[in-house]
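J.: Can you build the whole structure from these sequences, using the hints too?
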Amino acid sequence: MAKKKLLVDLLPAIRKLEVLTKQHAAIGLGGQYMSVFKGRGIEFEDYRPYSATDDASLIDWKASKKAHKILIKEYVEERNVNVVFVLDVSQSMLFGSTNKLKNEYAAELVASLAHAILEVGDNAGLVMYNDSIVRNIVPSRQRSQFYDIARTLTNPEVYGGKKDFNKLSKFLMVSFNRGAVIILISDFIGMQQDWEKKLKILTSKFDIIGLMIRDPRDRSLPEDYVGEILIKDPYSHKRVVIDPSLLGELYAKESKRQEDEILNAFIDAGADSTLITTNEFFVKPIVKLFKLRALKVRA
Numbered sequence: 000m001a002k003k004k005l006l007v008d009l010l011p012a013i014r015k016l017e018v019l020t021k022q023h024a025a026i027g028l029g030g031q032y033m034s035v036f037k038g039r040g041i042e043f044e045d046y047r048p049y050s051a052t053d054d055a056s057l058i059d060w061k062a063s064k065k066a067h068k069i070l071i072k073e074y075v076e077e078r079n080v081n082v083v084f085v086l087d088v089s090q091s092m093l094f095g096s097t098n099k100l101k102n103e104y105a106a107e108l109v110a111s112l113a114h115a116i117l118e119v120g121d122n123a124g125l126v127m128y129n130d131s132i133v134r135n136i137v138p139s140r141q142r143s144q145f146y147d148i149a150r151t152l153t154n155p156e157v158y159g160g161k162k163d164f165n166k167l168s169k170f171l172m173v174s175f176n177r178g179a180v181i182i183l184i185s186d187f188i189g190m191q192q193d194w195e196k197k198l199k200i201l202t203s204k205f206d207i208i209g210l211m212i213r214d215p216r217d218r219s220l221p222e223d224y225v226g227e228i229l230i231k232d233p234y235s236h237k238r239v240v241i242d243p244s245l246l247g248e249l250y251a252k253e254s255k256r257q258e259d260e261i262l263n264a265f266i267d268a269g270a271d272s273t274l275i276t277t278n279e280f281f282v283k284p285i286v287k288l289f290k291l292r293a294l295k296v297r298a
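Numbered according to numbering that gives the first Met the number 0, the sequence shown terminates at residue 298, and the numbering increases by one at each position without gaps.
The hints are simulated quantities; they were obtained by calculation from the structure and are not laboratory data.
Glycine is no exception: its CB is placed at the ideal position from the N, C-alpha and C atoms.
Treat the hints with caution; some may be incorrect.
What the hints assert, rightly or not - Here are the computed distance ranges between Cβ atoms for each label pair: (1) G247 <-> P155: 27 to 35 angstroms; (2) L246 <-> L294: 46 to 54 angstroms; (3) E227 <-> K252: 15 to 23 angstroms; (4) S219 <-> L57: 42 to 50 angstroms; (5) N165 <-> K61: 54 to 62 angstroms.
Claimed, not checked - Pairs of lysine-lysine residues, derived as DSS-like cross-links and limited to a Cα-Cα distance of at most 27 angstroms, are as follows: (6) K255 <-> K290; (7) K161 <-> K197; (8) K99 <-> K255; (9) K161 <-> K231; (10) K99 <-> K252; (11) K161 <-> K252; (12) K287 <-> K204; (13) K283 <-> K255; (14) K255 <-> K196; (15) K197 <-> K255; (16) K295 <-> K99; (17) K166 <-> K197; (18) K99 <-> K199; (19) K237 <-> K252; (20) K283 <-> K295; (21) K295 <-> K199; (22) K196 <-> K166; (23) K196 <-> K252; (24) K199 <-> K161; (25) K295 <-> K196; (26) K255 <-> K231; (27) K237 <-> K166; (28) K169 <-> K197; (29) K252 <-> K231; (30) K255 <-> K199; (31) K290 <-> K199; (32) K196 <-> K169; (33) K204 <-> K252; (34) K287 <-> K255; (35) K166 <-> K204.
T.: Here you go:
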């Protein structure tokens, strides 16, 4: 069942993101973003005088002859990239041991990145899903787009329910054009058995990025806890009482195995992904991922 109120602080998260990326301009979400997500191509903009540092292959000899001076062509990248944030709003995302539930943390992440994307002039969209498509905001760069995305992210009524990645993948395949950047944000808990096959199908059409959001308690049990604790499956609602001192090591190993399995599924599909935990600000892991993508683009 969805919470009546979400603890989502969009403006502080956006401002913190802007401050940190300005402090680290070389890896910020402005220029770094532009080099990572390529537009549709390049188009001629104008001529300018040739200098010794220019690429001689850009000289336009016909234009130079008419102007009686050596001119080179200047090009600009034709952007118009569609970036779609696909946010898992199912029941497992309504969990948290820190000051933010996973869905609250993810909402701030999506809003901050959407703001950065719209600032550089690209189209941002949002799909929210559980076992159905809960919301679909078509990619756009209209002035009202960020407001529409932020208002939807902060609506507590859209959160909760089961998860169906197969249904989601079918929706994405028929809803968006080839080459769109699809950013999957989820804890990837409770995935269907053949979800990896669906992921490979998605990567055949889209530029897929996976952001795995995990709470510290998803990864390990409290070490200093004395006594037994109750664990509940978010989907089956089955409950089990365990002793962290007896099962803590096994729990951590199994969690690590599942995380590695998810990250490897993205690698096998030819997609990029990273793990982000809710007890850290998301800029560092996001920037690290963008830097790796930029290296691939230049390679």
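J.: Hints numbered earlier in the text: which of these fail when held up against the supplied structure?
T.: 2, 4, 16, 18, 33
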